[in-house]
Amino acid sequence: MKIDNSLPLEYSTEENRLKIFGFWIFLGAEIALFATLFATYFVLVDGTGNGPTGEHLFKLPTLMFQTIFLLTSSFTIGLGINAMRLGRQKATIGFFIITLILGLGFLGVEIYEFVEYVHEGATIQTSAFLSSLFTLLGTHGAHVTLGLFWEPSSSCRSKSAV
Amino acid sequence: MDYFDRFAVPHPSPAIYASMVAIGLTMIAVVAGITYFKKWGYLWREWLTTVDHKRIGIMYILAALLMLFRGGVDALMMRAQTAIPDNGLLDGQHYNEVFTTHGVVMILFMAMPFIIGLMNIVTPLQIGARDVAFPRLNAVSFWLFFMGAMLFNISFVVGGSPDAGWTSYFPLASNDFSESVGSNYYAIAIQIAGIGTLLTGINFIVTILKMRAPGMNLMKMPMFTWSILITNFIIVFAFPVLTVALALMTMDRLFGTQFFTMANGGSDMLWANLFWVWGHPEVYIVILPAFGIYSEIISTFARRNLYGYNSMVISMVAISTLSFIVWAHHFYTMGHGAMVNGIFSITTMAIAVPTGVKIFNWLFTLWKGKIVFTVPMLYSLAFIPIFTLGGVTGVMLAMASADYQYHNTMFLVAHFHYVLIPGTVFAVLAGFTYWWPKMFGFMLSEKIGKWSFWFITIGFNVTFFPMFITGLDGQARRMYTYSESTGYGPLNMLSFVGAIGLAIGFALIVYNIYWSTRYASRNISNDPWDARSLEWATHTPIPEYNFAIVPTVDSTEAFWDAKKKALNYLAVK
Ligand code: HEM
Ligand SMILES: [Cu+2]
Numbered sequence: 001m002k003i004d005n006s007l008p009l010e011y012s013t014e015e016n017r018l019k020i021f022g023f024w025i026f027l028g029a030e031i032a033l034f035a036t037l038f039a040t041y042f043v044l045v046d047g048t049g050n051g052p053t054g055e056h057l058f059k060l061p062t063l064m065f066q067t068i069f070l071l072t073s074s075f076t077i078g079l080g081i082n083a084m085r086l087g088r089q090k091a092t093i094g095f096f097i098i099t100l101i102l103g104l105g106f107l108g109v110e111i112y113e114f115v116e117y118v119h120e121g122a123t124i125q126t127s128a129f130l131s132s133l134f135t136l137l138g139t140h141g142a143h144v145t146l147g148l149f150w151e152p153s154s155s156c157r158s159k160s161a162v
Numbered sequence: 001m002d003y004f005d006r007f008a009v010p011h012p013s014p015a016i017y018a019s020m021v022a023i024g025l026t027m028i029a030v031v032a033g034i035t036y037f038k039k040w041g042y043l044w045r046e047w048l049t050t051v052d053h054k055r056i057g058i059m060y061i062l063a064a065l066l067m068l069f070r071g072g073v074d075a076l077m078m079r080a081q082t083a084i085p086d087n088g089l090l091d092g093q094h095y096n097e098v099f100t101t102h103g104v105v106m107i108l109f110m111a112m113p114f115i116i117g118l119m120n121i122v123t124p125l126q127i128g129a130r131d132v133a134f135p136r137l138n139a140v141s142f143w144l145f146f147m148g149a150m151l152f153n154i155s156f157v158v159g160g161s162p163d164a165g166w167t168s169y170f171p172l173a174s175n176d177f178s179e180s181v182g183s184n185y186y187a188i189a190i191q192i193a194g195i196g197t198l199l200t201g202i203n204f205i206v207t208i209l210k211m212r213a214p215g216m217n218l219m220k221m222p223m224f225t226w227s228i229l230i231t232n233f234i235i236v237f238a239f240p241v242l243t244v245a246l247a248l249m250t251m252d253r254l255f256g257t258q259f260f261t262m263a264n265g266g267s268d269m270l271w272a273n274l275f276w277v278w279g280h281p282e283v284y285i286v287i288l289p290a291f292g293i294y295s296e297i298i299s300t301f302a303r304r305n306l307y308g309y310n311s312m313v314i315s316m317v318a319i320s321t322l323s324f325i326v327w328a329h330h331f332y333t334m335g336h337g338a339m340v341n342g343i344f345s346i347t348t349m350a351i352a353v354p355t356g357v358k359i360f361n362w363l364f365t366l367w368k369g370k371i372v373f374t375v376p377m378l379y380s381l382a383f384i385p386i387f388t389l390g391g392v393t394g395v396m397l398a399m400a401s402a403d404y405q406y407h408n409t410m411f412l413v414a415h416f417h418y419v420l421i422p423g424t425v426f427a428v429l430a431g432f433t434y435w436w437p438k439m440f441g442f443m444l445s446e447k448i449g450k451w452s453f454w455f456i457t458i459g460f461n462v463t464f465f466p467m468f469i470t471g472l473d474g475q476a477r478r479m480y481t482y483s484e485s486t487g488y489g490p491l492n493m494l495s496f497v498g499a500i501g502l503a504i505g506f507a508l509i510v511y512n513i514y515w516s517t518r519y520a521s522r523n524i525s526n527d528p529w530d531a532r533s534l535e536w537a538t539h540t541p542i543p544e545y546n547f548a549i550v551p552t553v554d555s556t557e558a559f560w561d562a563k564k565k566a567l568n569y570l571a572v573k
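Residue numbers (this note's numbering), protein chains in the order written: chain A, 1 to 162; chain B, 1 to 573.
Hints in this document: simulated from the structure, not taken from any laboratory. Backbone N, C-alpha and C define an ideal beta-carbon position, used for all residues, glycine too. Errors might be hidden in some of the hints.
What the hints assert, rightly or not - Here are the computed lysine-lysine pairs in the DSS-like style, where the Cα-Cα straight-line distance is at most 25 Å:
#	chain 1	residue 1	chain 2	residue 2
1	A	Lys-2	B	Lys-565
2	B	Lys-565	B	Lys-368
3	B	Lys-54	A	Lys-19
4	A	Lys-19	B	Lys-210
Said to hold, decoys possible - Computed spacing ranges between beta-carbons, pair by pair:
#	chain 1	residue 1	chain 2	residue 2	range
5	B	Tyr-404	A	Pro-8	57 to 63 Å
6	A	Ile-20	B	Asn-310	29 to 35 Å
7	B	Lys-38	A	Leu-146	41 to 47 Å
8	B	Gly-215	A	Leu-146	38 to 44 Å
9	A	Ile-20	B	Arg-45	28 to 34 Å
10	A	Leu-148	B	Thr-49	28 to 34 Å
11	A	Cys-156	B	Glu-179	45 to 51 Å
12	A	Ile-97	B	Arg-45	40 to 46 Å
13	A	Asn-5	B	Thr-49	31 to 37 Å
14	A	Cys-156	B	Gly-356	53 to 59 Å
15	A	Cys-156	B	Gly-337	56 to 62 Å
Claimed, not checked - Far from chain B, by Cβ distances over 10 Å, these chain A residues were calculated:
#	residue
16	Ser-6
17	Leu-7
18	Phe-21
19	Phe-26
20	Glu-30
21	Lys-90
22	Gly-103
23	Leu-104
24	Leu-107
25	Glu-113
26	Phe-114
27	Ser-153
28	Ser-155
Chain B extracted, bound-state conformation (with noise of 0.2 Å):
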């Protein structure tokens, strides 16, 4: 029995016994909904082996939220346990597993999956395509994400939650200090879900440079497309890199192997190293094609051209290339001398131009632009100073001195939700709305989801200022609790009030897709916002081989062009 103990909860809980039941009586629920339905067979044929992109591109997003949701508790937990000094509401075990889980869950499986199922819907529509290029193992690589993601989930009822951080930093991911099998979850599923996104990786690249409609040349894409075409770069050349960390990590656990042991020639912090080198393109790869879809968005709905389309398409190139030299900031107080952490420093600080020259291609957009204030353009605008926030907090980390004082601490927390959520999260967010009546025949009521964007904004900035100045004040991150003479209290209370105020507006966003399911009229054009690129060009909804005829590009904004000049896309007798 020794080793069926292995995957018993380690360390159990009334919550841990409430979900099993609460995750059995869910799955009876579903087998029994569909049953009583007869919708099997519709299921399987229609979604369970489809290898249509758009298809693809929902399964993924409806993970994507799921994610969202299992994510969204885990920071809810986290900010209930840090309301009050001293707080009993979750152990340190408990703290642990669940920041580590919350991380890799919103990174890998909600961030990314999201970002996956837009590309997949629209980025074949914007070139004119008829699908991907291998639409079976675009297929291969969802089902490997969901049974990874699957994988990692039902770690907190068997055996354990991984507990090391999202980083998974050695020594304490080893066996010697992390017993449970909690981060051999985090090995084997992690590797499942990478293989599936290199995949994608490769088909994306095929598709798009080798299956654009005729006369769209690599500087005539839309911007989107070309954000997808870097990013896909990016994940082919920064995977591999997650792939073999995490084999040699599997191997150090289960095989007794010494790449990151402290004795026997093992280097720890070749793991860091490792990761990083994957890591810091990763959060690029969720940053690009948010920019890609910012720029759709604020030319829609400026009702301009794009500013700078070439520096536009150079910036991402160079952040692209940077983002694969300045992995050694993530751990400049780890050792490496005075030269290393100066020349981390300086290309760290680079990457800040060219991000730069996008914030103010867009502000020229926006620039006596017509501007039409819909939920996908009010995300779009708040994430421009938000954003900023988090880069100019950004280049503050980057300086290597400094960040001695800021490393770990609440501020670099901070720091990268400032990134991450007003880039990615608000990017998926605003794409989600934008492309939804293309997705689905109807429009989201845009007052529902204007509650929930101002729930949103507001609610994060309630939820993560507080951070900058509480890490200022020297609040380390991951510390389950803190005494009341630190002081941290106020603020770390204001960081729950808000992240109730952020899932108030996540909850509004179902009830929106619930409201708007059931009451938006389904009699809109094929074009509701007035766009720009060609994915409005053809019918809603959109047919299964997408354009009846192979549409001809001659603009960068060609759908736009030729609205202009009176031409018809769909003119099929």
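Excised from the complex, chain A in its bound form (with noise of 0.2 Å):
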């Protein structure tokens, strides 16, 4: 394997940097998916049927923790990419177990939430707008969870690589 030491880390190698853009490229079929969600919502929202309207059940505090942990967490990972990039291991360490907390936080809070929602009868059958609603936070929540397990996964990997 052909090791070029004169860029970051991650693109060292022609099999990484295949990967990386693939991913980019990835990432463009998500925005089409995730743009389809919010199309999808944006028709449905107020098709509440005989079922609650957002403004009867959005409340600001959860709302608000899962901004902070989300935004908190792209940050933290950043940080984590920099120290290893920096070759400092338990920095690297250390702020991905942070943003694994963090995510692992969102999720709670959502779930929460979601249980909260189903207590007051909006479930993902009353409506096309809760239909809509929980699909939507539901396809990012698996996002969130599948990334809890496939961070852990890839460090491991790499740890046994070296």
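Reconstruct the complex from the two isolated chains, following the hints.
As structure tokens, this is what we get:
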């Protein structure tokens, strides 16, 4: 394997460069996917039928927590990558763990929120508005969940490869 | 037992029981045959677990040919049923299932994999690469497609096939109106195959953008590779829409959500929109690679450089962009106002402009060329006028106000077959014949090939031209029968005769494969057609690594120009 040390660590082999580029294209597809889900949501947002509307359901505090957790986790994973490029293993692992905890926090609040909704009689079957809301949020939550498993597994793999 | 009752054939008939027996016997025969010839190990090592782009391509094409015959039998059944008025060969329910599976199988499990197969085999060779960017992902794509296709195909013996049309409109496809598990097969099988396609899209974009031979900048890529690149961009942006649409459909049918329902705030029109936001780009996903194949073949057998390289590329980019902003032309009649219809009418007609540019470029390539009438060239030459008819009728359909008359008549059916068959089907048959010697080391018989060409071309026109007329006379599509007083009888009989001609043509292709495998000369050169791009520069059979030395490229017709300068790409001593 040819290793080019002039590039950032994760770009240093041909294989990795291809994978990262492929991942960018995949992100393009993900944008199309979420754009479709958002479009669906905006089409159906008034389709509340006999169920509750958004004004009844949405509460600021849970929303705030989720946003803070999520944005901070994007920042800490960036710090983690930076530490990795500097070759500082302990700092890398530390930032990754913080990121995972923030991700878990986000998921916890989201699950709590879903349970609350269901208790108020707002289920995914109640109305088109709620079907689209749960699907949009749930798809995002599924992405976060996947990340929670993927991050540690790829870290362990690269550790055993060292 | 209630649960399992859902998987009983809801609508049994001798034909279905006969197919069950036939499927069972075929499977036993295949397993016994492989065991008898001790081929399990070979099959497992060389094919089932392969990650070689050429073998994956061949498996795609094999599966596509199988599906062509499955879809073809559906087609023959439909034409037989409508050949005479008040026919009782199929009842309404069967007819619904047959036209639904015909559409899905032909578009998603025949046209798409045939194209993806050719693209697998040819693209890495044309750009001088040793494989695709992610070979293992490529195998995953194939197996996802294959499993999706098989799942879809067992529906008709286990539980009943989907019956709401390949467009599967709501509310018809909801639990209320389609109770059997059929439409669940639609939602889940296409989902599985679709994810495979999306992964292919990513894989080939990376391959083409990052793995080209030195010197081959974007504007030196062969036209087929260009068409594949653009197609894969359409795949990456259109398929996620299908993924979402099918997921919502699955949830509506299985988990009681309300996306497309009539009560509780749902919107049935949302389905139509999502489906066609994917669906219209989809028709360009199957036509752009065909344009690429014709560009290669026409310049090879006119012995001239492709006319208007830049305008070919620009027109494909234009088509791919426009293809995302025309979807509502599929439901002008469903009540969006004059303004929306007007806008979509104009964007739709605009597509004819870049398409026309391409037609003229092919004509100018032929102009003053020394044309060689091989089988691939015959398909390409027949494509130009027949496809133009399809395009012109498309523009007729694009006029929203006139479409109120044409919509959902046989006229529409004639239109899309006039674009899809001479467009996609002729192209894959031409490409298959053209690249066959590179894949297998011998040529298909030109003589048998020409017989099948004439059967297919004449059979096609005899089958589908009458539909323009009956459609204008008001014959609705998807109706399983009609009364004698409508007067549609004779032309429908003519269609049936044409369909038999088409069937003979396809049977001849199979016979050609058999005959040529047995008798064709194995003594052919690496470049039997005297062709122009890099896939012909390597050995036949192609070594697993494709090129011993990665070639350097300095023109759009790299191999042709090298031949003229008497350079030898194979000069490895
Ligand atoms: C000049 C270019 C084209 C124009 C202006 C055009 C226009 C249209 C319009 C307006 C319709 C809807 C008619 C109706 O439902 O009443 C339609 C249907 C259709 N077109 Fe085209 N088209 C063009 C090219 C193509 C191509 C290249 C393909 C595929 C290779 C294609 C495949 C189809 C299919 C499959 C349908 C019908 C789908 C269905 O309802 O089942 N068209 N076209
Ligand atoms: Cu369309």
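Hints, one by one, checked against the model:
1. A:Lys-2 to B:Lys-565: Measuring from Cα to Cα gives roughly 35 Å; hence the hint is violated.
2. B:Lys-565 to B:Lys-368: Status holds; Cα separation ~23 Å.
3. B:Lys-54 to A:Lys-19: 21 Å, holds
4. A:Lys-19 to B:Lys-210: 11 Å, holds
5. B:Tyr-404 to A:Pro-8: 57 to 63 Å: Since B:Tyr-404 and A:Pro-8 have Cβ atoms about 59 Å apart, the given range 57 to 63 Å holds.
6. A:Ile-20 to B:Asn-310: 29 to 35 Å: 31 Å, holds
7. B:Lys-38 to A:Leu-146: 41 to 47 Å: 43 Å, holds
8. B:Gly-215 to A:Leu-146: 38 to 44 Å: Hint holds: Cβ distance 41 Å, inside 38 to 44 Å.
9. A:Ile-20 to B:Arg-45: 28 to 34 Å: 32 Å, holds
10. A:Leu-148 to B:Thr-49: 28 to 34 Å: Given a distance of about 32 Å, which is inside 28 to 34 Å, the answer is holds.
11. A:Cys-156 to B:Glu-179: 45 to 51 Å: 48 Å, holds
12. A:Ile-97 to B:Arg-45: 40 to 46 Å: 43 Å, holds
13. A:Asn-5 to B:Thr-49: 31 to 37 Å: Between A:Asn-5 and B:Thr-49, where Cβ atoms are some 36 Å apart, the hint holds.
14. A:Cys-156 to B:Gly-356: 53 to 59 Å: Taking Cβ atoms as reference, A:Cys-156 and B:Gly-356 lie about 57 Å apart, which means the hint holds.
15. A:Cys-156 to B:Gly-337: 56 to 62 Å: 58 Å, holds
16. Ser-6: Holds: least Cβ distance 18 Å, greater than 10 Å.
17. Leu-7: Non-interface label stands for A:Leu-7: nearest chain B Cβ at 15 Å, farther than 10 Å.
18. Phe-21: Non-interface label fails for A:Phe-21: nearest chain B Cβ at 5 Å, not farther than 10 Å.
19. Phe-26: 6 Å, violated
20. Glu-30: The assertion about A:Glu-30 is violated, with a minimum of 7 Å to chain B.
21. Lys-90: Given a closest Cβ separation of 33 Å, the condition holds.
22. Gly-103: Holds: least Cβ distance 23 Å, greater than 10 Å.
23. Leu-104: Label holds. Min Cβ-Cβ 26 Å, cutoff 10 Å.
24. Leu-107: Given that every Cβ of chain B is farther than 10 Å from that of A:Leu-107, nearest at about 21 Å, it holds.
25. Glu-113: 19 Å, holds
26. Phe-114: 15 Å, holds
27. Ser-153: Its Cβ never comes within 10 Å of chain B, the nearest being 17 Å, so this holds.
28. Ser-155: At about 22 Å from chain B, A:Ser-155 clears the 10 Å cut-off, so the statement holds.
Of the hints listed earlier, those the structure fails to meet are numbers 1, 18, 19 and 20, in rising order.
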